[in-house]
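Protein chains: 2
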Amino acid sequence: MFLSTATHSIDAKGRTSVPSGFRDAIGEDAAVFIWPSVRGAFLEGGGKALMDSVQREIFDRVADGSLLPEDAEAQQVMLMGAAQRLGYDKTGRIVLPDNLRQHANLSASATFVGLGNRFQVWDPEAHEARKAAMEDRVKASPLVMGIVRP
Amino acid sequence: MFLSTATHSIDAKGRTSVPSGFRDAIGEDAAVFIWPSVRGAFLEGGGKALMDSVQREIFDRVADGSLLPEDAEAQQVMLMGAAQRLGYDKTGRIVLPDNLRQHANLSASATFVGLGNRFQVWDPEAHEARKAAMEDRVKASPLVMGIVRP
DNA sequence: TGAATTCCCATAATATCCCATGGATTGCCA
DNA sequence: TGGCAATCCATGGGATATTATGGGAATTCA
Chain P
362 MFLSTATHSI DAKGRTSVPS GFRDAIGEDA AVFIWPSVRG AFLEGGGKAL
412 MDSVQREIFD RVADGSLLPE DAEAQQVMLM GAAQRLGYDK TGRIVLPDNL
462 RQHANLSASA TFVGLGNRFQ VWDPEAHEAR KAAMEDRVKA SPLVMGIVRP
Chain Y
362 MFLSTATHSI DAKGRTSVPS GFRDAIGEDA AVFIWPSVRG AFLEGGGKAL
412 MDSVQREIFD RVADGSLLPE DAEAQQVMLM GAAQRLGYDK TGRIVLPDNL
462 RQHANLSASA TFVGLGNRFQ VWDPEAHEAR KAAMEDRVKA SPLVMGIVRP
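Just so you know, the sequences run in chain order P and Y. Numbering-wise (my numbering), the first sequence opens with residue 362 and increments by one. Numbering-wise (my numbering), the second sequence opens with residue 362 and increments by one.
Simulated from the structure, these hints should not be mistaken for lab results. On a predicted model such as this, the values are computed, not experimentally measured, just so you know. Certain hints may be false.
Because identical chains share one entry, a pair is satisfied inside a single copy or across any pair of copies.
Below, a list of computed lysine-lysine pairs in the DSBU-like style, where the Cα atoms sit at most 30 Å apart [said to hold, decoys possible]:
{"#": "1", "residue 1": "Lys-409", "residue 2": "Lys-500"}
{"#": "2", "residue 1": "Lys-374", "residue 2": "Lys-409"}
{"#": "3", "residue 1": "Lys-409", "residue 2": "Lys-451"}
{"#": "4", "residue 1": "Lys-451", "residue 2": "Lys-500"}
{"#": "5", "residue 1": "Lys-409", "residue 2": "Lys-492"}
{"#": "6", "residue 1": "Lys-500", "residue 2": "Lys-374"}
{"#": "7", "residue 1": "Lys-374", "residue 2": "Lys-451"}
{"#": "8", "residue 1": "Lys-374", "residue 2": "Lys-492"}
When you get a sec, could you build the whole thing from the sequences and use the hints?
In structure tokens form, the structure reads like this:
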């Protein structure tokens, strides 16, 4: 499970460390899958398990009629077509390709945000602003915590 | 799994490199299967596993009555009948036959787009236009990401 | 025999691996 | 509980391997 938030530096080679907790969540195949979000200037990602889930989810929805084949293909193009498999070395580092860096406006460092089954990568300042907005929204919505089924 | 997008040059002999990530996804039999799309000026393709899946899928749908035998044969003609098995050499290159090149209007380079269990091959500019359209479509349709079942 | 195709080698750019280091945290044991 | 040792983590730099691509030699086909 991808948990917590960590900011790591991006060195001259474009390398950055995947948070160690994320690596534990991924399992044996040492790689993350990252793609540009269609919803803003940040990256989305996960492990192999997430990619498999996405693929199955798209298939199932087309099969049960809740997603048009054209929409399914659009999502596949924007997700699978843009996603990169980034293997990390023994020290847990990936290299962020230029196109991903540019999409998220990443320069000296990157903020990894765990979201359970997936994670996001933000420019640190952009994430601060985003987080403030999220806090307001949470306060105005029905909180899950407190009424979770035991 | 076929992931990411890569544009590779087509040299004077008609050779182009299959993206290395695609080769990893294919396995031991060093070949891709490519055919002209019936939906537009691009190519569709995959590995041996995809061809087997397509064949089984067609069979199953005929068996459960959701596909007419005549339609099944039509699809077989346009898919199996048009598909080419293109083996790649030690450096990962295939030669794109003329009929495929012409169908997709390929000249100096080809863009490979991973779509999970399959991929597409586009002329680079055509793919840019297509991708923009896909992005609009994605923004207007229910996103799979974010609500993937854990 | 001529044209096309396949195979093989070369190369520059890039990505990957490997070792080293410092800082912080954790664990252990008195 | 306090302090020392060991471990883990993030990061830097250099060495190695891979990739994409060009060109030539060998082979096949008509």
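Results for each hint:
1. With identical chains, the CA atoms of Lys-409 and Lys-500 are at most 30 Å apart between copies only, with a shortest distance of 24 Å across copies and 33 Å within one.
2. Taking the closest pair of Cα atoms, Lys-374 and Lys-409 come within 30 Å of each other only inside a single copy of the chain (25 Å); across copies the shortest separation is 37 Å, beyond that limit.
3. Taking the shortest alpha-carbon separations for Lys-409 and Lys-451, both the intra-copy value of 18 Å and the inter-copy value of 28 Å come in at or below 30 Å.
4. For the homomeric pair Lys-451 and Lys-500, neither the shortest alpha-carbon distance inside one copy (41 Å) nor that between copies (38 Å) is at most 30 Å.
5. Proximity of Lys-409 to Lys-492 under the C-alpha cut-off of 30 Å is found in both arrangements, the shortest distances being 27 Å within a copy and 24 Å between copies.
6. Taking the shortest Cα distances, Lys-500 and Lys-374 never come within 30 Å of each other, neither inside one copy (41 Å) nor across copies (33 Å).
7. In the homo-oligomer, the alpha carbons of Lys-374 and Lys-451 lie at most 30 Å apart both inside one protomer (16 Å) and across protomers (29 Å), since each shortest distance falls under that limit.
8. For the homomeric pair Lys-374 and Lys-492, the shortest alpha-carbon distances inside one copy (29 Å) and between copies (29 Å) are both at most 30 Å.
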